[in-house]
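Residue numbers (our numbering), protein chains in the order written: chain A, 1 to 164; chain B, 1 to 557.
Hints were generated in silico from the structure; no laboratory data involved.
All values reported here derive from a predicted model rather than from experimental measurement.
Certain hints may be false.
What the hints assert, rightly or not - Pulled a few chain B residues facing chain A out of the computed Cβ check, cut under 10 Å:
(1) Leu96
(2) Cys98
(3) Ile100
(4) Asp102
(5) Ala104
(6) Lys132
(7) Arg133
(8) Phe209
(9) Ser211
(10) Arg212
(11) Arg478
(12) Trp479
(13) Gly483
(14) Phe486
(15) Arg488
Glycine residues also receive a C-beta, built at the ideal position from the N, C-alpha and C atoms.
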Amino acid sequence: MAGQKREKDLNIFEKLYIPEIAKGMALTLKNMFRPNVTLQYPEVKFEPPASYRGRPVLVQENNGVERCVACGLCSRVCPALAIEVQASETDLEKERYPVKFEINMLRCIFCGFCEEVCPEEAIVMSKDYELVFKNRNDAIFGKEKLLVPVENLKDRLEFLRKFK
Amino acid sequence: MPTFTVDGKQIEFKQGQTIIEASRFAGIEIPHFCWHPSLSISGNCRICLVEIEKMPKLAISCSTYAAEGMVVHTQSQKTVEARNAVMEFILINHPLDCPICDEAGECKLQDYAYQHSRGESRFEEIKVRKEKRVQLGPHIKFDGDRCIMCSRCIRFSDEIAKKNQLTFVQRGDKVTITTFPGESFDNPYTLNTTDICPVGALTNQDFRFKSRVWEMSKTDSVCIGCSRGCNTEVWVRNNEILRLTPRHNEDVNSYWMCDKGRLETFKNVNAGNRIDGTYIRSEGQLQKVSWNEALHVAAKSLKDYKSGEIAFIGSAYSTCEDNYAFVKFAKSLGVANIDYADHIISGDQDDILIREDKTPNSLGAELVGVQPGSSGMNILAILKAIKERKIKALYVMEEDVISFDGEWESTIGNLDLLIVHASNENRTTALADIVFPASTFAEKNGTFVNFQGRVQRIYPAVATEEMDRALDGMEMSRWDKFGTEFDRWMQGHKYDSKPSWKIFVALSQLLGLKMKYNLSEEVFADIANTISAFKGLDYDEVGKHGTQLKIKQTANA
Ligand code: SF4
Ligand code: SF4
Ligand code: SF4
Ligand code: SF4
Ligand code: FES
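Build the full structure now, drawing on both the sequences and the hints.
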């Protein structure tokens, strides 16, 4: 193999190494004065933009009632079969509401289809990305975990009105 | 036969057939709301407009008779435009209710809106509002907004249920359905209107909001409410029956079934009082034991009695297969005291569907031999013999003998041994020594013979512990197909029960008797081999719509 020409031979300066080390140091130095992008998670939390698709949540109106009418479309469209809805009758004008609404967060793939299909703008993707469970059952979120007051979802709702 | 042309296809028709009927028969479906094959023609919805050559204007195909040489276009530009226009008209005042409407998924209006409309609304004014959630009768809620005034429900009530109870009131866009003053929509057949209402204006109170239609599996079955044996579909989600609907069979029930059959025959399947596993009485209490133990104890105790001291009571609620295995088992023990009880409510019958015999299979039970053998006792004699302590052991299959009358109740204590097959706890199981859990009609394969002598098939819709939906070829919903044991929507309880014939096979093996079947087909094959009325039949032959047995028609058929 001796004498075979390599694709790129180092020239004399490169062979000396010193200038190359200096170049590297210069880059490091430059970056030391640039703004910091690394977050000290979990001490510092990441605040995602409105377009972010975190876990799907149910919109709770100011009067405490969920917007959802239990039409089951999200459940039907969900490619991962993560959503189970059980409807029932209510005396409210909307007639129909979910007595049970469960999302299995182990199944959910955060695709946002449920949000897209919902005729009532009742299920939206939140900014919540911290999902930790110790067993399968804890990963199934019921209404108590899914309902989020509408104020806390303003960002996303505005985003949807603009771009959906 | 005379012919005419529809969309370039030569179609035969019978004199007096309308275009829509003849086309449908030839496999060309023309959209329709108000037309129904079993009701009179109303011609009010206009969605069925078609173009007929040499006719100046479009005509409605539901009330135009087919004629020799007629040339009909159902897809021409003119027709399509007219159809879209009609759809637009109907949708003007129709609310955007699909998300909360139970009909969604099986709604004609929804389907046609996809197939035939412009896809968007030009109507910007405020829609006319009508009354919602009106209780029309004991089982039906009416939503005035959704009604498209097709009058199917009115015609059904008049023509099929023979009760003139519904009518239109008001005019123009205010038209709505109501009952006549002081009347309630309460005839025995009201719920059929929820099936034929092309939209979600009439909803079944019992099923309302329980499930989306696309989430359920549906299995062909037969109603067990009376000896008519209406053909049905059993709708199941998460191993629970949510509703029954009629299945078309012109020879038995046409498109209909009665409200009682629809609402009351399936509730016991998921009731809290199901017998779940085998039970034996010890220290005065019924204790749950293994199948093996219960079978052994039953086999051993039966051996303690002479054949003359034992009686067997079968059931007209059980299938032919169950009753056949029951008779075979009893006879191989040498027992001739075999009978069943009838459940006739005399007078509770009409000339529509309802029969006074409230069991689905009394003819079948009789045909497969559930009747006293030569020198055997019938049910009254059995009762008397229990009283006199001549009969000491009673074997009851799927029947609540104690509830028959006070005499049974006071006599049953005389028995030394009472073995019962039952699906639900009842007064007889409460006193039994051994209880075997019997599968209900919704959990097994089998056949019933209705009052006309027509043998009809049932299929399992609900899985028991011994069954697996996929492996046993049961109908499956999307949930069933993709679910795992960790999904809550797959955790519906499976009861530990078996069809009665299987229990007799297991007992026979322990007692060294000759009876070996693995499938209900095999029991039926045996029936076909030994009983002349069933000669030459098998499950394929019986098919989805049943077949008439070669027996003399009963007088009242
Ligand atoms: S699609 Fe929307 S309204 Fe329908 S069930 Fe889902 S969240 Fe509720
Ligand atoms: S985000 Fe996608 S996967 Fe998750 S629940 Fe919604 S539809 Fe299902
Ligand atoms: S209630 Fe239904 S069946 Fe009756 S007229 Fe209205 S749409 Fe037709
Ligand atoms: S008529 Fe008889 S068989 Fe038909 S649905 Fe009613 S009870 Fe069932
Ligand atoms: S179906 Fe012909 S007018 Fe309604």
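Sort out which numbered hints this structure fails and list those numbers smallest first. No numbers; nothing is violated.
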